[in-house]
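S.K.: Sequence:
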Amino acid sequence: MLMLKNLKQLIFSVEMKKKKRERNNNNILLQASNELFIGLNVILWRKRRRLFSLISAVSGCLLLLLFAFSVFTPPPTATDHFLSHHPSAVKKTEVVESNFDMVLQVPASGGTLGRDLWSSSQSKFYYGCSNASKSFQSMLSSAADMKTHPNRYLMIATSGGLNQQRTGIIDAVVVAYILNATLVIPKLDQHSYWKDTSGFAEIFNVDWFISSLSRDVEIIKELPRNEGKAWIPRSMRVPRKCNSKCYQIRVLPVLNKKHAVELTKFDYRLSNRLETDLQKLRCRVNYQALRFTDSILELGKILVERMRMKAKQFIALHLRFEPDMLAFSGCYYGGGEKERGELGAIRKRWKTLHVSNPEKVRRHGRCPLTPEEVGLMLRALGFGSDVHIYVASGEVYRGEETLAPLKALFPNFHSKETIATKEELAPFSSFSGRMAALDYIVCDESDVFVTNNNGNMARILAGRRRYFGHKPTIRPNAKKLYKLFLDRNNMTWDEFASKVRTYQIGFMGEPKEVKPGKGEFHENPDSCICQANGLKTPQEDDENSKERKEGAEVSDEQQQQPQPLEEDPDWTDIFYLDKELPDVITKQEHPEVEGFFSD
Numbered sequence: 001m002l003m004l005k006n007l008k009q010l011i012f013s014v015e016m017k018k019k020k021r022e023r024n025n026n027n028i029l030l031q032a033s034n035e036l037f038i039g040l041n042v043i044l045w046r047k048r049r050r051l052f053s054l055i056s057a058v059s060g061c062l063l064l065l066l067f068a069f070s071v072f073t074p075p076p077t078a079t080d081h082f083l084s085h086h087p088s089a090v091k092k093t094e095v096v097e098s099n100f101d102m103v104l105q106v107p108a109s110g111g112t113l114g115r116d117l118w119s120s121s122q123s124k125f126y127y128g129c130s131n132a133s134k135s136f137q138s139m140l141s142s143a144a145d146m147k148t149h150p151n152r153y154l155m156i157a158t159s160g161g162l163n164q165q166r167t168g169i170i171d172a173v174v175v176a177y178i179l180n181a182t183l184v185i186p187k188l189d190q191h192s193y194w195k196d197t198s199g200f201a202e203i204f205n206v207d208w209f210i211s212s213l214s215r216d217v218e219i220i221k222e223l224p225r226n227e228g229k230a231w232i233p234r235s236m237r238v239p240r241k242c243n244s245k246c247y248q249i250r251v252l253p254v255l256n257k258k259h260a261v262e263l264t265k266f267d268y269r270l271s272n273r274l275e276t277d278l279q280k281l282r283c284r285v286n287y288q289a290l291r292f293t294d295s296i297l298e299l300g301k302i303l304v305e306r307m308r309m310k311a312k313q314f315i316a317l318h319l320r321f322e323p324d325m326l327a328f329s330g331c332y333y334g335g336g337e338k339e340r341g342e343l344g345a346i347r348k349r350w351k352t353l354h355v356s357n358p359e360k361v362r363r364h365g366r367c368p369l370t371p372e373e374v375g376l377m378l379r380a381l382g383f384g385s386d387v388h389i390y391v392a393s394g395e396v397y398r399g400e401e402t403l404a405p406l407k408a409l410f411p412n413f414h415s416k417e418t419i420a421t422k423e424e425l426a427p428f429s430s431f432s433g434r435m436a437a438l439d440y441i442v443c444d445e446s447d448v449f450v451t452n453n454n455g456n457m458a459r460i461l462a463g464r465r466r467y468f469g470h471k472p473t474i475r476p477n478a479k480k481l482y483k484l485f486l487d488r489n490n491m492t493w494d495e496f497a498s499k500v501r502t503y504q505i506g507f508m509g510e511p512k513e514v515k516p517g518k519g520e521f522h523e524n525p526d527s528c529i530c531q532a533n534g535l536k537t538p539q540e541d542d543e544n545s546k547e548r549k550e551g552a553e554v555s556d557e558q559q560q561q562p563q564p565l566e567e568d569p570d571w572t573d574i575f576y577l578d579k580e581l582p583d584v585i586t587k588q589e590h591p592e593v594e595g596f597f598s599d
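Under full-length UniProt numbering, residues 1 to 599 are what the sequence shown spells out, in order.
In case anyone wonders, no lab produced these hints; they're calculated from the structure. Among the clues, some could well be false.
Label-pair distances were calculated between CB atoms; the ranges are [what the hints assert, rightly or not]:
#1 Ser-138 / Cys-246: 21 to 29 angstroms
#2 Phe-468 / Gly-517: 20 to 28 angstroms
#3 Trp-208 / Ser-498: 58 to 66 angstroms
#4 Lys-245 / Ile-220: 22 to 30 angstroms
#5 Trp-208 / Asn-490: 50 to 58 angstroms
Quick caveat, the model's predicted, so the values are computed rather than measured. Glycine included, C-beta positions come from ideal geometry on N, C-alpha and C.
Using the sequences and the hints, build the whole thing.
M.R.: Structure below.
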């Protein structure tokens with residue numbers, strides 16, 4: 001029994017030692033596992049830390065690359081680059097950069113072109129000639145009333161702005177001659193956009209007008225009384241471009257019956273194509289008889305003298321970029337939804353306007369150049385940043401924001417408001433016609449005249465400058481320049497400038513740019529331009545010259561440029577839906593708007 005008991009104790013002791021060893025082994029394994037797990041965690045943490053640093057570094061590099069890409073990449077060359085939203089800057093390196101011209105580097109200098117920018121090399125070969133021919137003079141006696149039929153009185157009511165009214169006055173004299181009628185001094189338009197209350201005698205020298213045309217047409221200041229009673233004229237309107245026969249058929253019978261006729265809205269109511277003597281009469285009226293009043297001439301002369309004090313030679317720019325005009329034309333200049341909203345709200349005020357297609361309108365050359373585009377064109381033609389520019393303009397869409405790129409290209413920027421005092425302008429500032437007359441004088445006297453549009457002032461001045469010596473008159477070849485401005489960031493400055501100069505052949509005011517009989521007569525008075533005797537033009541000396549061929553080709557293209565007054569609808573027959581225009585203009589029920597958009 002004792003032995004059995006000792007044996008059990010021995011077995012129990014062995015099992016306890018075995019279990020203790022197993023527990024010790026398990027503890028060792030557990031400790032080893034814990035140490036291994038801790039070691040792995042340490043290793044993984046270190047790797048994660050390195051990976052995080054690597055990822056952070058890569059992310060930082062990517063952000064830097066994206067920032068650099070956004071700064072140095074030029075904008076897409078779509079139509080959204082035409083209207084700069086920030087001023088251009090003149091760099092210290094004398095390179096002008098617009099925010100939309102990160103690639104096209106514009107030099108401050110116009111460069112050396114080997115030609116005179118300020119005059120026409122062929123002007124000496126031509127001169128203005130408007131004297132009546134011997135056959136025409138033989139039909140006239142020393143007194144116009146010998147030719148004028150008694151009891152035939154012609155009155156006209158002009159339409160539009162100053163220059164559109166000017167065309168009506170010129171043509172009225174010719175129509176009075178055709179009808180053998182006495183002309184009553186024309187009524188100026190006092191009801192259209194500007195609401196200018198000025199009469200004829202407050203803008204033009206009426207006595208000079210009457211006396212200088214006394215051998216051609218009898219002109220009186222007012223309609224005489226009929227047997228002591230006021231004479232009530234018969235009011236009528238003739239079609240556009242009515243010729244001599246048209247007036248004899250439509251107006252003469254009424255004139256013989258009623259004795260007094262008033263032709264309303266008299267603008268561009270006489271054909272471009274008349275016999276030479278009648279065209280020369282047009283020129284005598286335009287270039288000799290229509291003279292501004294002494295007060296307008298005096299201040300106009302002062303403005304020109306002050307420009308001459310600033311620079312021996314200067315450019316005059318007629319800039320049309322009013323919000324109403326842009327809205328009416330349907331043009332778009334890249335101002336995004338804000339521009340579409342602003343101009344769209346104005347555009348809705350006209351009942352009969354079609355839905356606009358901005359790309360098509362601009363492609364056809366019917367959109368005015370922006371101020372920046374005018375500046376780029378002038379620089380490409382060779383005019384440097386030191387040139388002084390006189391700007392004749394109305395309200396510019398977005399004001400200084402839009403003008404900033406032009407001012408950066410040409411810092412010597414002037415207007416009648418900057419070179420005349422408020423006191424000097426006070427007698428004129430409330431009358432748009434008189435203010436326009438001041439601009440007309442400075443633009444006419446400028447060494448180079450530039451326009452961004454094809455309106456009445458541009459046309460009238462182009463013709464006048466041809467007549468008086470073919471002074472350089474630059475009109476943009478809008479059809480070609482449109483494409484060039486779109487692609488300007490994809491070429492060097494030299495390439496851009498070369499193309500501008502090529503496209504502008506035939507648009508610089510040189511003699512014979514426009515074929516005789518083409519275009520508006522007031523713009524191309526070919527019947528009144530004579531060639532100097534004994535002088536041969538360079539073209540006559542070298543009929544096969546390459547320059548002549550290129551000029552002829554472009555001149556043909558020039559005939560296809562927009563002729564809005566001949567082809568477009570009669571804008572004055574378009575009515576506003578409402579009586580007011582937001583923030584810009586106020587109209588009555590039947591506003592006359594043509595003058596605003598075409599003058």
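S.K.: Going through the earlier hints one by one, which of them does the structure break, listed in rising order?
M.R.: As far as the earlier hints go, only 3 is violated by this structure.
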